[in-house]
Every structure is written in C-alpha cells, then in structure tokens.
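Student: Chain by chain, the residues:
There are 2 protein chains.
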Amino acid sequence: MTSQSTRVGKQHILETAEDLFSKYGFQAVSIRAIAEASGVTNAALYYHFEGKEALFKEVLVHHAERLAGLLQQASAGCESLRDKLLAMLTEYTTHITSRSSPVFLLRHKSKGLDDKGLREQHGQLIHLILAPLENVLAEAVSNGEMRPLPEGFSAASLLIGMIHGLAQHRRMCARQDVTPEDIGVVVDVFWDGMRLRQESPAFLGGRAS
Amino acid sequence: MTSQSTRVGKQHILETAEDLFSKYGFQAVSIRAIAEASGVTNAALYYHFEGKEALFKEVLVHHAERLAGLLQQASAGCESLRDKLLAMLTEYTTHITSRSSPVFLLRHKSKGLDDKGLREQHGQLIHLILAPLENVLAEAVSNGEMRPLPEGFSAASLLIGMIHGLAQHRRMCARQDVTPEDIGVVVDVFWDGMRLRQESPAFLGGRAS
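Residue numbers (numbering that gives the first Met the number 0), protein chains in the order written: chain V, 0 to 208; chain B, 0 to 208.
Don't read these hints as lab results, they were simulated from the structure. Note that the structure is a prediction, hence the values are computed from the model and not measured. No residue lacks a Cβ here, since even glycine has one placed at the ideal position from N, Cα and C. Watch out, some of these pointers could steer you wrong.
Unchecked claim - Among the chain B residues that face chain V by a calculated CB cut under 10 Å, a handful are:
(1) P149
(2) Q167
(3) V188
Stated by the list, open to error - Simulated restraints on C-beta separations:
(4) V:G111 to B:G76: 44 to 50 Å
(5) V:E150 to B:E52: 45 to 51 Å
(6) V:A130 to B:T93: 28 to 34 Å
(7) B:Q10 to V:S97: 55 to 61 Å
(8) V:G111 to B:G143: 50 to 56 Å
(9) V:A173 to B:G143: 24 to 30 Å
(10) B:K22 to V:A27: 30 to 36 Å
(11) V:S141 to B:D176: 26 to 32 Å
(12) B:D82 to V:A137: 39 to 45 Å
Extracted from the complex, chain V is given alone in its bound form:
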C-alpha cells in the first residue's frame, strides 16, 4: 500500500463506520461488519484502528471536526462578531435538531462503551465543536465589546446551553421549529448580558476595564 492509498482507505473505513454506527449503535456493529461494508479485510482495518472502540472514537472526532468546520464556514461572510455568532448558532441548530450531531451519536448510539472513556471523549468533542464560538467570544472580550467571565467558565457553553434550552422547549412543549429570528433573540439576550458597561462592572474582578 502506498501512503496515499492508506489515507484513502482509512477515510473510507471511517465514513463507512460512521454510517453503520449512526444507524445501529456502537454495540450492534461489529468490526467484521465494518470491514465487509468497507470492502477491506479485518487485517486492513486493524492496520488503521486498534479496535472498535478506537474506531468509534475517531468517528466522533471526525464528526466534531466537520461540524466545527461548518460553523467556521457559516460565519465566513459576516462582518460583526454578533453576526458571526448568529450565523454559527444557526448552523449549529440545524445540526442539533437533526440526528446528525456527534453528540446525538455519542448520546444515543454509544451504549456498550465504558463510562469513563465516554466522559473524556465527550469533553474533547465539546471542546472541538465550541472552539469557533469561543474564538469569536474571546475576540469580543479583547475588543472591549464583552466583559470576561471568571476563571472556570466557558462563555460558549452558556450560549450553547441557551440554544439547547430553546430547542428542547420547542421540541417538547411548543412543537415549533427554531428559526434564525429565534436564535437572534437568544444572541441578543446573551450579548446584552455580557456587554461591557460602565454601570455594571461585574465579573471584572481584578482586571481594570
């Protein structure tokens, strides 16, 4: 095998595995089934991946990186930081309300993986997915448009939490889709709450404003 065909082979196996895991879950899909569906031997599969658990984890990372890339792309044409957030969150929402989210895959299809491994993996995925949002929020803080949060906080995780709160409420209680206008309302509440203001210097702690 050349290095080129090795890479193509690995990518192909990953995509096939993603498809199978998404449909049937971690537990129900065997290494053999993935090798067969990918058109490679078990040995070829083990050449790329240590085992089923390692393969599932690579599928999740691959998935999360793709989602982070889509968030980045969605915000490419935006001028203001607020518009970037809005574009990213609109893209994000289409993913969490469909079944294509890596978090969906993790939550619903990972039965059979051990808990500790899952928790660590989950942290890594959240970090990957939120990175583009964290970058925009950090820029807003360094611009002076937003106040910084204390140590131990992730502004993106609060904002994403609001979006999940909205999406869950709509799905469970209101049976109404989340529109880009709705996301605008959430971004406004968050942005206003985080705005750097003379009259409310909360959270600045030791920092001079």
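Please arrange chain B on chain V, whose structure you already have, making use of the hints.
Tutor: Only chain B this time, still in chain V's reference frame:
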C-alpha cells in the same frame, strides 16, 4: 381496603417503583418485582396502575412535582426576585449534578418505553419543573424589571439551558463543581441580558414600554 389505606398503598408502591426503576431502569423491572418489593399482590398493583408504563409515568410526575416543590421551598425566604432565581437554581443544580433528577431517570432509565410517549412525558415534566422559575420570571416582567420575550419562548428554559451548559462544561472539561457563586454569575448574565432598558427596547415588539 379503606380509602386511606388505598392512598397509603399507592404511595408506597410508587416509592418502591421509583427506587427500582432508578436502580435498574424501566425495561429490567417487572410489575411482579415491584409488587413483591412493595409487599402487595399483582392484583393490588393493577388496582392502582394500568400497567408498568403508566406506573413509570406516575413515578416521573411524582419526582418532578417533588423537585418543583423543593425549588419553591428554596426560594421561600428570599426578598428580591433575583435572589429567588438564584436560590431555585442552586437547588436545581444539586439535583441535575446528582443522579436524583427525574430527567436523569427519564434519559437513562427509560429504555423500552416508546419514543412518542416519552417525548410527551418529557414536555410535561419540563413544564412541571420549570413552573416555579417561570412564575418568578413572569413577575419580573410584570414588575418592569425584565423585558418580555416574544411568543413561543420560555425564559426559564433559556436560563436553565445556561445552567446545564455550565454544569456540562464543568463535568466534561473542567472537573470542577458548580458553586452558588458560579450560579450567581449565570443569573447576572441572564438578568442583565433581560433587563428592561431605555436604550435597548429589543423584543418589546408592539408593546409600549
């Protein structure tokens, strides 16, 4: 059976069922096991509950009502609406970070229940649990302390979403407990974001401020 002993019997079965479902999940626990552990006959159990699914649903509602009662209690001594929110969310956080949350029971122990029934149930539970928070937030709007959100929004679900975002981030990425001070930071961001201000009359729509 007198009406009094009937009520005691039902309550006792519910508590026994809650304990078993929490430990082993919906699927693994049989009606027979619940009857045995409760010290009643199958017939006595069916006198109170149509079947296992109906019993599980009553367990969840019972659980959610108890949590809503605890939120209400936690805020009883508070003077300001902001302090009420803070007290309720602090209580709420101890529940979502432990395994005693009804949502935990629903999410992790309900395998085997049909999806449609679950979704409806989930909406009902969220509604029950968030009611004390919704009431405080509605009071803040009618007081003029907060601006109203458009139709189709639940302010409590956004605020709870931030708390879940924070708790998830801590659990997965930071390995640090959520403190009451942390919850105060979240309430401040939300409160400032929702404050009724002359200079930013967003969301008021057709309403005169």
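Student: Regarding A173 of chain V and G143 of chain B, is the given constraint of 24 to 30 Å on their beta-carbon distance met?
Tutor: About 26 Å separates the Cβ atoms of A173 of chain V and G143 of chain B, which means 24 to 30 Å holds.
Student: The hint says 45 to 51 Å between E150 of chain V and E52 of chain B; measuring C-beta to C-beta, is that right?
Tutor: This hint holds: roughly 46 Å between Cβ atoms.
Student: 30 to 36 Å was suggested as the range; check whether the CB atoms of K22 of chain B and A27 of chain V agree with it.
Tutor: violated (25 Å)
Student: Hint validation: V188 of chain B versus chain V, beta carbon distance must be below 10 Å. Holds or violated?
Tutor: It holds, given that the least Cβ distance between V188 of chain B and chain V is near 4 Å, below 10 Å.
Student: With a cut-off of 10 Å, does the beta carbon of P149 of chain B approach a beta carbon of chain V closely enough for the hint to hold?
Tutor: Since chain V brings a Cβ to about 6 Å from P149 of chain B, closer than 10 Å, the hint holds.
Student: Can the suggested window of 55 to 61 Å be confirmed for the beta-carbon pair Q10 of chain B and S97 of chain V?
Tutor: violated (42 Å)
Student: Given a hinted range of 39 to 45 Å, is it respected by the beta-carbon distance of D82 of chain B and A137 of chain V?
Tutor: violated (31 Å)
Student: Hey, does the Q167 of chain B contact hint survive, CB to chain V under 10 Å?
Tutor: holds (7 Å)
Student: Starting from the hint 44 to 50 Å, judge whether the C-beta atoms of G111 of chain V and G76 of chain B obey it.
Tutor: holds (47 Å)
Student: Lying within 28 to 34 Å: is that true of the beta-carbon distance A130 of chain V to T93 of chain B?
Tutor: holds (30 Å)
Student: Does the hinted range 26 to 32 Å hold for S141 of chain V and D176 of chain B at CB?
Tutor: holds (29 Å)
Student: Kindly confirm whether 50 to 56 Å is satisfied by the beta carbon distance between G111 of chain V and G143 of chain B.
Tutor: At roughly 54 Å between Cβ atoms, G143 of chain B and G111 of chain V fall inside 50 to 56 Å, so the hint holds.
Hints 7, 10, 12 from the list above are not met by this structure, while the remaining hints are.
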